[in-house]
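Visitor: Spelled out, the chains give:
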Amino acid sequence: MNISIVPALKVLRPAAMLVIVVLVGLVLGYWANATFVPGYSPEQPIAFSHKIHAGDNEIPCLYCHTQARRSPSAGVPAVSKCVGCHLEVATEKPQIRLLMSYWENREPIPWIKVHDLPDFVHFTHKRHVLANIECQTCHGPVETMDRITVSSRAVNGSAQVGKPWKMGLCLNCHRENEVVNGTDCWTCHK
Amino acid sequence: MSLFSRFMDGWRKYRKPGYYDEFDYHWTMTIDLDKCTGCEACVTACQAENNIPIVGEEEIAKGREMQWIRVERYWEGEYPNAKLSFIPMMCQHCDAAPCETVCPVGATYHNQDGLNTQIYNRCIGTRACAVYCPYEVRYFNYYDHEWDSPLEQQLNPEVTVRGKGVMEKCTFCIQRIREAKDVAKDDDRRRVQDGDVQPACVQSCPSKALVFGDRKDTESQVYQSMNDPRNYRVLDELNTDSSVFYLKKVDA
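Chains as they are written, first to last, in our numbering: chain P, 1 to 190; chain H, 1 to 252.
Worth flagging that the hints you see were computed from the coordinates, not collected in a lab. Keep in mind that this is a model prediction, so the values were computed, not measured. Positions of the beta carbon are idealized from the N, C-alpha and C atoms, including for glycine. Check before you lean on any hint, since a few could be wrong.
Unchecked claim - Computed, partial: chain H to chain P, Cβ under 7 Å: (1) Tyr120; (2) Asn156; (3) Gln175.
Excised from the complex, chain P in its bound form (with noise of 0.2 Å):
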């Protein structure tokens, strides 16, 4: 009796083919993933466009997200900061009529998050800051966007717009600065 496990194999070959095709779809899906999508840039309630601001008329980012150097999260701006210049500054724009109807209905603008991190990082906006570094190191050139899309930092220190945020990039910066036990995993987790 001659025993063979060719018709076994030849029982598998359907799962076999399957199973390539499923994992070059997948690497295929990535890779037109990662190359031809576009990075998250929602748009706004209102067209805010830090091109204007922050580009154009230098204004300080620490002036309107004034938390940044005080405590973990950089906060958004309520509405009274807009509001404080606006009641003079470019009354007429639509835009800027949409900011007042928010003010007179007492309503805060409901602006989408885009750089945001999963619950189990916490990184602090304050202790980076104090330390002199960059907003634009990790979000990019937020002074040449008119809507803000995502931003990464590659290893060379290039801003990587459309890519988001992974831990490469804080673990490189704290390797490069020699951070005193800043690759400690209870640094940012925790």
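Assemble the complex: chain P is given as a structure, and chain H must be docked to it using the hints.
Guide: The following block gives chain H in isolation, referenced to the frame of chain P:
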């Protein structure tokens, strides 16, 4: 340096607990069992501070309780001559921890402060560490636990809410240690001073039975307390070299 001596150096370093020649801080706790009244204030404080879920009666019956610190009770003798003694038990942050050797993904390891870490996002939930732990202080999330409204409003934002399939345990309130280091940097200090950090259990203890601090600081309260003649460590014969010292007068 010759190849052999380099190898021996690496070997000696590898054999050192936590692979560190010297710890930066060496966080230690002492628990004075003669002062402990068994009131379980520490348990409640820990539950509130560290977002520990209430698993419910059914789950506890299955042995799936969640308490990073628990107060064990030991009865001696029969009524009316019964005697009750307590022992609060939490992660002992062993310097030669059995749980660290077994984790296949390095989610638990020894860090430079002599702490036994647990990294939730790295944990894949093999539960091997809980099997290896001789103190039975590791707790596993069998479900995604939910907090009944409005209790989710009181979750501590400094602590991750753990999801299903993740092991967790006492961290010596790492969020408070990090906070103290942050404050120390604000004051242009490199070191955290004695008394700057108090885990939730130490803070809540009404009889001040628990003391926490840096063992390397010889002026610290915990250093004096751990050198008390009454000191012993639980399951010391296992050579876990734990960081929690218990003080108890043994009745001869």
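Visitor: Taking each numbered hint in turn, which are not upheld by the structure, reported in ascending numerical order?
Guide: 2
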